[in-house]
Amino acid sequence: MLITLRPSRFTPAAVILPVLLAVPAAAQVGVGNLTLQMAMERAMAANATIAAARLRGPINLANLAVARERLNPEGSFELEKETPKEAYGFALPLELGGKRARRIDVAEATIRAGDAELAAVITQVRNDVRRAYFAQVLAESRLLLLREQRDLSTRARDTAQARFDAGSAPRLEVMQAQLALAATENEATAAEGTAAAARAALNALLAQPLDTTTALSTDVDTAPPGTPAALMLAQTASTELLSLDRQIEAQRARVALAESLRVPDVTPTFTLTHRAEPEFTYGWRAGAAITLPLFTSHRAGVLVEQTTLEQLILQRQATLLRIQGDVTAASQRAQAQRELFVRYRDQIIPQAQAVEQLAQDSYQLGQTGIAALLQALQATRDVRLRSLDAIDQFQTALSDLERAIGAPLP
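Heads up: the sequence shown runs through residues 109 to 518, numbered per the working numbering.
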């Protein structure tokens, strides 16, 4: 009795597209196709981290309104036993040295620094979404592969049982097929948990129910930018460098404010007096008060702000050097990992499929035992799993490159 076993005669499109181009098994049950760009847009609109970071804007605007406030005048009233018996005073503090203008400059620079910090938060969330998106893609692709392998092992077990029942195969082949099936079922069960965890992680970033099942449709094969282009993008668009530039700008404004505080303020006063008979009924006196910088000259405050500015400048230089090193390393890793992934897709997997098919044909013709077939199936599965690992490493390298650049990849 000859039982036909052809569960894995896949065309290259049927294998490479679902596995290497990562169309997950959830595509048949998802609520809609979700591209990476759509996931980014949803995160921008609904992510709680971004929403919290945006609230910093109204706070900075309120601080600007505080900086624009002017000092209130002072009024006084005195009753005295000696003449004049009544005095009505008025004092208007005057800030000298441009203190109010410097406070406004600091507040405006803080608003721009806050915008840069928000951009950095958005970039980090985008990078987290990219990682979670492709983590789910890979987890569901791995689950799809292991389910296919489980189905194949089931058919192999059924074929071995049929041949044993027909007396053309020993009991050992049935036991070997059952063992292979148990192993694949175990791996498929573990992969289901990994896929569920990846799905929950992405849903959390997108602020939607954790058990939402969505088909992911973005191709994993994205050509990374070359190293020179990546370095140029980092120097011109890095949110980390932009945030430091805005902090330096704000710190320069604080230095100017600290220097203006060294200028003493003047408080002119005017007093109307009454009931100083017989000399006069109404009189007046005018004066001015000025703070004498005898004990506190605010020189230490200027030194603190100036030293902080120098620290930020050096920090930016160090950050630029680190970014250049990280971008160069990540770009080279991404290019190498893509070559590895493409080699698996175009060469290794088709060869592994051909070997697997030959093993099936040999087993069907009775030329080999089931051990050789199971070994071929195991080898093909290992190759396909390694190809998924290559995609995972490639996408991780791309995410590392995007994080090092500090801006979205083109």
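Hints were generated in silico from the structure; no laboratory data involved.
Some hints could be false.
Derived DEER-like restraints, expressed as beta-carbon distance ranges [as the list claims (entries may be wrong)]:
hint	residue 1	residue 2	range
1	V450	D259	57 to 63 Å
2	R208	E188	32 to 38 Å
3	A397	L172	25 to 31 Å
4	Q465	A270	19 to 25 Å
5	L163	P201	32 to 38 Å
6	A274	L493	30 to 36 Å
7	L380	N180	16 to 22 Å
8	R220	R383	26 to 32 Å
9	R220	E418	19 to 25 Å
10	R208	Q419	51 to 57 Å
11	L380	V412	40 to 46 Å
Taking lysine to any residue and the SDA-like style, the derived pairs with C-alpha atoms no more than 20 Å apart in a straight line are [to be verified]:
hint	residue 1	residue 2
12	K207	A366
13	K207	G165
14	K207	A408
15	K207	M152
16	K189	E387
17	K207	V371
Beta carbons are placed, not taken as given, at the ideal position from N, Cα and C, and that holds for glycine.
Going through the hints against the structure:
no. : hint                     : in the structure
1   : V450 to D259: 57 to 63 Å : violated, 28 Å
2   : R208 to E188: 32 to 38 Å : holds, 36 Å
3   : A397 to L172: 25 to 31 Å : holds, 30 Å
4   : Q465 to A270: 19 to 25 Å : holds, 20 Å
5   : L163 to P201: 32 to 38 Å : holds, 34 Å
6   : A274 to L493: 30 to 36 Å : holds, 34 Å
7   : L380 to N180: 16 to 22 Å : holds, 20 Å
8   : R220 to R383: 26 to 32 Å : violated, 58 Å
9   : R220 to E418: 19 to 25 Å : holds, 21 Å
10  : R208 to Q419: 51 to 57 Å : violated, 27 Å
11  : L380 to V412: 40 to 46 Å : holds, 44 Å
12  : K207 to A366             : holds, 9 Å
13  : K207 to G165             : violated, 24 Å
14  : K207 to A408             : holds, 17 Å
15  : K207 to M152             : violated, 39 Å
16  : K189 to E387             : holds, 16 Å
17  : K207 to V371             : holds, 9 Å
Hints 1, 8, 10, 13, 15, counting from the list given before, are not met by this structure.
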